[in-house]
Amino acid sequence: MEGMSNIVKKVTQLISGLIFMYGLYIITHGHLTPGGGFAGGAIVAGAFILLILAFGSKALNLKKEENATSVTESSAILIVIILAAIGMAAGGAVFFNNYLPLGRVGELISAGVIPLYNIFIGMEVAAALLTIFLAFVIYKEEVLK
Amino acid sequence: MEQLIVLFVIIPLASAFLIPVVGKLVPYFQKVLTSMVLLALTILIFSYLFSGSEATLIYKVGGWEAVENIPIGIYLVLDGLSAILLLVINFIGLLAAFYAVGYMRRYTAENNFYTLLCLMIAGMNGVVLTGDLFNLYVFLEIAVIASYVLVAFGIEKNELEASFKYQVLGGMASLLILFGIGMIYWLTKTLNIADVAQLLKGNSNTSAVQFTQIVLIAGFGLKGAMIPFHAWLPDAHSSAPSPISAMLSGVLIKAIGIYAILRLFFNMFTISYELALIITVIGTLSMVIGVLLAIGQWDLKRLLAYHSISQMGYVVIGVGMGMMILTKGGEKGVAALAIAGGLFHLMNHAVFKGLLFLNAGAIEYLLGTRNLKKMGGLGKNTPITSASSFSASMAISGIPPFNGFFSKLLIIIAAVKGHFYLLALLAVFVSIITLGSFLKFQRYAFFNKTKFEGRLLAQKIPFTMTFSMVVMAVLCLVMSLMIFPGAREVFLTPAVDVLVNATNYSTTIIGF
Amino acid sequence: MIVFIMCFILFLVGLYGVLTRRNLIKIVIGLTVMEFSVFLFLVLIGYIAHGEAPIIVPGMKEPVFVDPLPQAMVLTAIVIGLATTAMLLSIAIRIYKKYGTWDIREIKNLRG
Chain A
97 MEGMSNIVKK VTQLISGLIF MYGLYIITHG HLTPGGGFAG GAIVAGAFIL LILAFGSKAL
157 NLKKEENATS VTESSAILIV IILAAIGMAA GGAVFFNNYL PLGRVGELIS AGVIPLYNIF
217 IGMEVAAALL TIFLAFVIYK EEVLK
Chain B
1337 MEQLIVLFVI IPLASAFLIP VVGKLVPYFQ KVLTSMVLLA LTILIFSYLF SGSEATLIYK
1397 VGGWEAVENI PIGIYLVLDG LSAILLLVIN FIGLLAAFYA VGYMRRYTAE NNFYTLLCLM
1457 IAGMNGVVLT GDLFNLYVFL EIAVIASYVL VAFGIEKNEL EASFKYQVLG GMASLLILFG
1517 IGMIYWLTKT LNIADVAQLL KGNSNTSAVQ FTQIVLIAGF GLKGAMIPFH AWLPDAHSSA
1577 PSPISAMLSG VLIKAIGIYA ILRLFFNMFT ISYELALIIT VIGTLSMVIG VLLAIGQWDL
1637 KRLLAYHSIS QMGYVVIGVG MGMMILTKGG EKGVAALAIA GGLFHLMNHA VFKGLLFLNA
1697 GAIEYLLGTR NLKKMGGLGK NTPITSASSF SASMAISGIP PFNGFFSKLL IIIAAVKGHF
1757 YLLALLAVFV SIITLGSFLK FQRYAFFNKT KFEGRLLAQK IPFTMTFSMV VMAVLCLVMS
1817 LMIFPGAREV FLTPAVDVLV NATNYSTTII GF
Chain C
645 MIVFIMCFIL FLVGLYGVLT RRNLIKIVIG LTVMEFSVFL FLVLIGYIAH GEAPIIVPGM
705 KEPVFVDPLP QAMVLTAIVI GLATTAMLLS IAIRIYKKYG TWDIREIKNL RG
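Chains as they are written, first to last, in our numbering: chain A, 97 to 241; chain B, 1337 to 1848; chain C, 645 to 756.
Each pair of labels, with its calculated beta carbon distance range:
# : chain 1 : residue 1 : chain 2 : residue 2 : range
1 : B       : T1705     : C       : I649      : 47 to 57 Å
2 : C       : K742      : A       : M97       : 17 to 27 Å
3 : B       : F1386     : C       : V710      : 47 to 57 Å
4 : B       : A1794     : C       : K752      : 31 to 41 Å
5 : C       : L688      : B       : V1403     : 23 to 33 Å
6 : A       : L149      : C       : V710      : 35 to 45 Å
7 : A       : M100      : C       : A727      : 21 to 31 Å
8 : C       : K670      : B       : F1799     : 48 to 58 Å
These are computed hints drawn from the structure, not numbers from a lab.
Quick caveat: nothing in here was measured; it's all calculated off a predicted structure.
C-beta: ideal position from N, C-alpha, C; glycine also.
When you get a sec, could you build the whole thing from the sequences and use the hints?
Below, the structure written as structure tokens:
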């Protein structure tokens, strides 16, 4: 698919970094403000999709990108499951235990293992949405010739 | 011991996500891992069943203990009913995965098949084990979305159309289930099944509760393919690849359809007479209409799919009669007999219907066609397929000494003892028509002179496929031994106990 | 009470879309509108009159919060709805390639 005009390309180069940082802010502050893993992950995916739409699909190697996002997605979920299973081993032998120290209410580093879950779920959601988008683009480009 | 409950959900989920990462590097990784995982889970559930402990195992996820006897976390509960369903899911899953090693060579993208199979089994294990309403919905969606993809796996015209139809209808049913869960939350402000049972005790006549019950029967009835919600089943089950047809027809419609209705309507809502009447009427209609629709079918897998609807009707009749006897204050022994017949038929149907679909897959592997008018004379070429198909056909028609005979006998005896003479007559009548239908299958597929023009696609059937078929055929005979008191105590009696003494579930979990 | 009737009207609009439209994509859109009506119903269940959003800001008195549990349920259900819609759309574009049309009246290969 073709890219868009020069104005769109320049503005996207400037803005997509800001959108990515905003998504990261929502992911990491998930235990203090609304948002968390899923909403932040969708915004991060939006930053990458904006880049692909503005520059066209010929600017990148689609199959390699799809392999990368697919592996990222699966490994992020595996890390979440391993984190939850470590809760079984370390302290209490229950699944999804909150085993890191809880800080004071309202600080950034507090609430045990929940910020780690937010980060990995954010990564997983962004990778999954990108994989779906890339699968559609690959289908249009290479199959529907 | 209680920690082992969680393993039923985490292990298939972790292996489903391990396969895309490692499967690209190591060949044969996905097949070996799936078989190992399912074998381990089957051994785990067998060891629980044979250890003889009668207590219900409760596991509180996250360690959130109850506050002043009000549960605040998600509970995973393993009692007798969950145990036999776990056994059916994991064992039939193991045999289907083993069969798929040989069968799926014809398809591209084999890697994704094992991922989706593991996801489906993780979802079904979660549905059967959970004690929380919204958790039930989440695991139900995991299992059902994996099955949408698996139905459309070989991307031909028929399969895509069947999958689209299945998805739209299944999506609407999931919405009805979510709406029902929302209504229950509105009425009771809690999501734990045992807690809702305590709060709704004796309140089951208000119109809000009755409306919720109807909505939930519609939603779960569509997942379990009962009349009049059966329209997606013939297309979806006939277009899927054969090990997935065996899993869908043998396990999925039971784990998310019938099990959910049993758990919610016996253990959560207090049983009432109108509800039992509705369930029994739906079961009777499924039984009769399913077999009448199956008479004129010449496509092999469509014939088997319509018979699935009819056999599910048997299970629902057994359970519905038990519920009616319990609400009218009849003898508990007759109700226990009816429910035992229904649950025993559920286990038997998984085995013989799975075996029939695997046979249809083997025939399709050899000949490449599913049309009964174009087959014939396979009895000489494929001795194992024809022998196992013969035993499965006799089992589904209810011929002694196969297992179908004993479960249908239990249901008919319970119907006669409970004065449901019309149901007993209809059960015998439907059984005779089923026999006729399967004799047609046997004659046209195995015993005629061959009408098949064309080349054989393969010379012999691979070893993994025949192994699964032989194991299931042996099970068809062995499971009739479950009638006798020794085996009955291990498998059937705890499950029947959960449903007959329906209020024990909530008192065990809450504590008073 | 009036808001629940609005949710029901939205559900009926989605149902009308699924039942009467011929294009495959319009059926998918109708199903999505039905899903949104159920999500709205779930969120409205947890509303308590004069309630605040359930977030703890340091240095506030103890207000009455609205119920946060239906909001968590709806977040999970939105993710599930995303997966369902993605699946439906992939099957729909593959049907277009195989059958050559978006019209659902032409797609009747399986019958009986």
